[in-house]
Amino acid sequence: MTLLRYTIRRILQAIPVLIGISFITFVLVNALPGDPVAIMLEGQEVDQETIEAVERRYGLDRPFHERFVTYMLGLIQGDLGYSFHRDMPVSTLMWIRLGPTLLLVISAFVFALVTAVPLGVLAAKRRNEPTDHVSRIIALIGVSTPSFWIGIMLILIFAVWLGWLPSGRLVYPWRDPAHYGFDGRLELYYQTIRHLLLPMVALGTLQMATIMRIERSSMVESLQEEYVQLARAYGVPERTILRKHAFRSAQLPIITIVGLNLSTALGGAVLIETVFEINGMGRLLIQSIQQLDYQVVMGVTIVLATIFVIGVIITDISYAYVDPRVSYGDRD
Amino acid sequence: MATTEGQLGDGEEPQVGWRHTLAQVRNDPTARFGLYIIAIATSVAIFSAVDANLSRLTLGAYHDYTIGEWLPVLENPETLPPPGEMQTYQPPVFAEGGSWDNPLGTDQSGRDYLSRIIYGARISMAVGFFATFLGLTGGVAIGAVAGYYGGWIDDVLMRFVEIIYSIPALVLVIVFTVFVSGGNPDVIYAILGVGIATVPVFSRIIRSRVLSVREMDYVEAARAAGVTDRNIIRRHIIPNSFAPVLVYATLQIGFAILIVAGLSFLGYGAQPPTPDWGQMLNHAHGQMHVNPWMSIWPGVAILLTIMGFNLFGDGLQDALDPRIDN
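If you read the protein sequences in the order shown, they are chains A and B.
Using the numbering used here, the first residue of the first sequence is number 1, and each one after it goes up by one.
Using the numbering used here, the first residue of the second sequence is number 1001, and each one after it goes up by one.
Among these hints, one or two may not hold up.
[What the hints assert, rightly or not] Over the 10 Å line for every Cβ pair with chain B, so calculated as not near, a few chain A residues:
| # | residue |
| --- | --- |
| 1 | Arg5 |
| 2 | Leu12 |
| 3 | Pro16 |
| 4 | Asp47 |
| 5 | Arg57 |
| 6 | Arg62 |
| 7 | Ile76 |
| 8 | Met88 |
| 9 | Trp95 |
| 10 | Val171 |
| 11 | Val228 |
| 12 | Leu292 |
[Stated by the list, open to error] Covered, in the sense of this in silico footprint (three residues per stretch, anywhere, with C-beta under 8 Å from a C-beta of chain A), are these stretches of chain B:
| # | segment |
| --- | --- |
| 13 | 1156-1167 |
| 14 | 1278-1288 |
Keep in mind the hints are simulated off the structure, nothing from the lab.
Ideal placement from N, C-alpha and C gives every residue a C-beta, glycine not left out.
Sequences and hints are given; from them, build the entire structure.
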């Protein structure tokens, strides 16, 4: 099977999953004991007429399956419903909020990879030496610390006490510099980085720790491979072995873990965006829950899950592309 | 690293199975350290009601700590100042204005911060254990059935699991707790939500084990002897696929505590006045500029607890995996 056919098959496989995600989200928000209208009107004195008016407005007077079919038909056309609280289509809202979240998540992964890969390689090379122990302790603390607490501590140290970096909000590199009152593109990018630094580290630490662990064990394994031993026996310098022979094959598990960890990163973005007051998808989710804007809640959930599904497909395909041994699932 | 084999005397049989594993974990200093942390956190969670009253870590408010119903909270009202006179936002002992009466200071209602952190262990540990137990039970049931029967049953179940897995865990738990509780989120919904969110990992792990176990001769023999599928799954498949699940469960408890800390931080976990680390950080976040020390301690408590489970889980994994010689 060619790579193209594998790609197409992988995308087709995702369709039932995406329908399932939409269904579960729809059920959670609509059908369970938490009646959206009751939540919306909680604490308010309302008569039956108002309740019915609200139900009509949201189309809640129609039966469940009918509503779901209508919602799904809309989804296919990119219509995620309407935010009554913000008075705009949910899909428009998504486009506005998607940028900051992707900027945050991608930079967190860049931070994680840039720090974790060299540290992991070093730890594997100096296995059971002090360097290895230090990196393992860093990894252990990294997987055990809540990202939002790291965020709070970073704000406390670098913004409140030292005053070096801003404590929140982002500067978007795609905006016009004049919007922020900056002189030019260069200052805009500089400010973007300054604002991004703390949330990036807060969100990226967990990713760094998990990637570092995988990188270490994967490198340890790869350094014990027969062809590496053979190269060593031929007198190939250790540096060359590390760079040319062991490193490349050891990166395959990293590709997979980045794809799978996208899920924790997107979940973590909800917390980090709250701590740093970044107006992305995660903060939108929390705000919409507080505003009881349940169409937006559904929209955010479905879009975040879709990003994860797409991320996994991309990593699967790049894995197949990089590793010639992958059989594209021909066997089954 | 010391292995049990080196300690075997003459005539002793080499140890295998659970006893061997436990011995190895005992010999692993990091795993032991993890176990100590877990033991401390667990006993603090269970016995904190007594502790807080025996020591000077007095409870700050009378109406508080209702979650301790299954353990009597031995309040001693005479020794407490009336609620109106309690000092709020007192700094910790090492800072100016601090005192040993409240080593970590007091919170917004004048309640002792250390006591509340100790009490907070209860919610975190309960959520960690119960949510993981739920996820494990559900995951093992689904994974074992899917792996044993294969075919369309496998397809349907695993596709369902994939769907759950695709929604980022924290997002799923938030939406679940808010909407299923009808807008009144509480710990019980958090436990249910995290339990559901952890079903996919458990079912995947057990399924992959079951795929190899079901081909074993003893399963074949049981089937030939006319044992029902239900009993084969219960008596043979699950017990023989369980080891990796147990390792994962240990690590998963840490993950559950992490998720619920985040959930409480956002305000959808345990509700005040129940003391909870995430919820304490929620309040502390707003006090960052005025009372910065408040955001430090609950985070340290979360970090140490989760670290305990991670250390122990890693040790268990090393002990169970014969390929690792570290």
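Structure-based check of each hint:
The non-interface label for Arg5 (chain A) is consistent with chain B: the shortest C-beta to C-beta separation is roughly 21 Å, beyond 10 Å. The claim that Leu12 (chain A) is not at the interface with chain B holds, since no C-beta of that chain comes within 10 Å of its own (minimum 13 Å). Not every CB of chain B lies more than 10 Å from the CB of Pro16 (chain A), the least distance being 6 Å, so the non-interface label is violated. Its beta-carbon lying about 20 Å from the closest one in chain B, Asp47 (chain A) satisfies the requirement of being farther than 10 Å from that chain.
The Cβ of Arg57 (chain A) lies farther than 10 Å from every Cβ of chain B, with a closest approach of about 19 Å, so its non-interface assignment holds. Taking the minimum C-beta to C-beta distance to chain B, about 19 Å, the non-interface status of Arg62 (chain A) holds against the 10 Å cut. Distance to chain B confirms Ile76 (chain A) as a non-interface residue, since its nearest Cβ pair spans about 18 Å, more than 10 Å. With a cut of 10 Å on Cβ distances, Met88 (chain A) stays outside the contact zone with chain B, its closest approach being about 21 Å.
The beta carbon of Trp95 (chain A) sits about 19 Å from the closest Cβ of chain B, which is more than 10 Å, so the claim that it is off the interface holds. For Val171 (chain A), the shortest C-beta to C-beta distance to chain B comes to about 21 Å, beyond the 10 Å cut-off, and the non-interface label holds. Chain B leaves Val228 (chain A) outside its interface by the beta-carbon criterion, the shortest separation being 18 Å against a cut-off of 10 Å. Once the 10 Å rule is applied to beta carbons, Leu292 (chain A) is inconsistent with being away from chain B; the minimum gap is 8 Å.
Coverage of a stretch by a chain is defined here by at least three residues with a beta carbon nearer than 8 Å to that chain's beta carbons; for the segment 1156-1167 of chain B and chain A the count is 8, and the condition holds. Coverage of the segment 1278-1288 of chain B by chain A holds [criterion: at least 3 residues with CB-CB distance below 8 Å; count 5].
Checked against the numbered hints given earlier, this structure breaks hints 3 and 12; the rest are met.
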